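J.: Spelled out, the chains give:
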Amino acid sequence: MLRSIVSSSSRVLTRNFIQNSGLIRCNFAAMPSLASTRSLVGAGFTRSFHQSMPNFHGHIHKPKPGEELHITFIAKDGQQFTYEVAEGDNILDIAQAYNLDMEGACGGSCACSTCHIIIDPEFYDEIPEPDDDENDMLDLAFGLTETSRLGCQVKMTKELDGIRVALPAMTRNLQSRDFS
Amino acid sequence: MFVGTGPAGFYTAHHLLNKSSDSVRINLDFFERLPTPYGLSRYGVAPDHPEVKNCEEYLDDAMKTYSGEQENSRRHRVRFFGNVNIGEDISLKQLESYYNSIVLSYGSTSADNELNVPGTEFNGVVAARQFVNWYNGHPDYYKEDNKFVPPPLDKIEDVTIIGNGNVALDVARILLADPSSHWAKTDISVEALEVLKTSTVKNVNIVARRGLLESAFSNKEIRELFELSKDNNVNFIPLDKEEFESLDVSKLGRVDKRKVSIIEKYSKASADVKENGKTWSLRYLRSPQKFAPNPVDSRLLSSTEFVINELVHDPLAKATKVKATAQKEVIKNELVILSIGYKGSPLKGFEENGILFDKNRLLNKSGRILSVESKGEEDHNAVFKKGWYTSGWIKNGPKGVIATTMMDSFDTADRILEDLSNGIQLESSGSDITELLKHKTVIEWENWEKLNAYELEKGQREGKSRFKVCNANEMIKIACK
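Respectively, the protein sequence lines represent chains A and B.
Taking the numbering used here, the leading residue of the first sequence gets 32, the next gets one more, and so forth.
Taking the numbering used here, the leading residue of the second sequence gets 59, the next gets one more, and so forth.
Take these hints with a grain of salt, some might be off.
[To be verified] One-sided and incomplete, this derived list gives chain B residues near chain A with beta-carbon spacing under 7 Å: (1) Ser155; (2) Leu270; (3) Leu271; (4) Glu272; (5) Ala274; (6) Ser276; (7) Asn277; (8) Met464.
Source of the hints: derived by calculation from the structure; they are not laboratory data.
Model, not experiment: these values are computed from the prediction.
Beta carbons are placed, not taken as given, at the ideal position from N, Cα and C, and that holds for glycine.
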């Protein structure tokens, strides 16, 4: 009983939140998982910082005190994870350091589309435009949206502090050309 | 256990090993027909795409983490058995008694789609798969007694590639790019490189039965071919303006829009012709009707007759088909390379084990293999072959890039994990399969590492990223030293 109350009230909150942040503008609406209540119950609605230690032996840096940038990942099941990261680290490396479900099959060399992410439209224009190589790979990505990017090509900057990115849900038998 | 160690196999394994619950310890065995791992990453991906081959690290990492000394104390255990042909050396029936779950991920690279046109049996008509296997050093094409004879490229000026998928463009790059400056440094077969150096090929046309929008190549590959033309004294023969004018670009999706804009951009740029350069072109709406052999040299053709098609759009079925017109065109060519798709074959023993194989692939639902008791994938009451799974091209048919295979392999792995959590698995006897392999020369991972080191070291000495050993017996000799 308690559970159902929590979930129904949080569902309303989620919807408001999505509209406020402008996410409804893009294909986020097509991602059923985004409005999942688990994200609220699990990770907390306010931005709670994930406690697990990142794997620093990878490629990411420890942010200098006072210069922490924030990034929130929305997992396939709707759970949200927020981390404090350093300027200059790319999103693929960050996701892998925290063991999120993001693969970099080509080792971050912009030769595959396995680190495809969907960027919060509010932040999309703050990122330098994708070059031809990245566009080539995005054209092969599952569930391509207007604000899709490759995680390996997006570096954290001060302008991106607070950015939210979603990991696309697996969409079987769907070709990239099904999306416009 | 896995049959096949290409991307489908190692991505599925990667997901299993990393996503299984902490209480589960997986003993995982890879079986590979060839002495070398990586499947199409080694033998399909073009030599000038080394970054794509970085995916091989997934297998390397799994082996590094879960095999070798003290493997019993590690979380999982992974072994590699190369040079073992499942269906021949070990029967499917035997496999069932050693494992809880079996994944068939052996690909669709054993045969070619057939073209129903008179003359495909001529020597001047070659399947792209054979050409690819030759330049990528596939052991099946370097057997002592049955060596593939490449087309006499030193007698050929005009080549037609039929089909315009990424394999077709790989083949076009092989024929157009400079062997010494572009290919020599790659891991291309050294024998193939020597033949390419003698090539007199001047013109390559890539012909497809449908139109520009139905082109099968990816934007990456076509842009690469344009870029390569700039640096290799190669001219692209621009498409007619009408090809673009007839298109309503505003209605296209992002990928098609970009495809059109890339071709349009380079069509304009290639207006200034380089003297004495090779040429290539994209030809649309043409289906081959008849191959004409060369009267002087039986290894060659003299020309190919094409019928000109028109497109028929079916908006309800969302399909674009072609209808032949009465118009014909004869294109001069000494060689035709058919790049119209690969085909999968069943393993020995599917029928007697009740595994449903049809239309060149394993019938399945999300990777769970169907039993012959099922009517097909649409059967609402489908019966699974308990404990048997599939991933990659043999699951879906031979299409899609590595990223597609990866996503889809994770899907199969999730089904396996679900089944294991619910006790759906084969009864394993608990014995070790190595008892069946005592009389077989098995290439284990440390053997492969020896061969790998040899290839890399020899490659470095010769200024190549890798020197591929192409003959299987030679591979085994080096690996088992």
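J.: All hints, please: hold or fail.
T.: So, going through the hints one by one against the coordinates:
1. Because the closest C-beta pair between serine 155 of chain B and chain A is about 32 Å apart, greater than 7 Å, the hint is violated.
2. Taking 7 Å as the C-beta contact cut-off toward chain A, the hint placing leucine 270 of chain B at the interface is violated, the least distance being around 14 Å.
3. Interface hint status for leucine 271 of chain B: violated, as the beta-carbon distance to the closest one in chain A is roughly 9 Å, over 7 Å.
4. Using the Cβ-Cβ criterion of 7 Å, the hint placing glutamate 272 of chain B at the interface with chain A is not satisfied: the shortest such distance is roughly 10 Å.
5. Interface hint at alanine 274 of chain B: violated, since its Cβ lies 11 Å from the closest Cβ of chain A, which is beyond the 7 Å cut-off.
6. For serine 276 of chain B, the interface hint holds, since its Cβ comes within 7 Å of a Cβ in chain A; the closest pair sits about 6 Å apart.
7. The interface hint given for asparagine 277 of chain B is met, as the beta carbon of that residue sits about 5 Å from the closest beta carbon of chain A, less than 7 Å.
8. Taking 7 Å as the C-beta cut-off, the interface hint given for methionine 464 of chain B holds, the closest approach to chain A being about 6 Å.
The earlier numbered hints that this structure contradicts are 1, 2, 3, 4 and 5.
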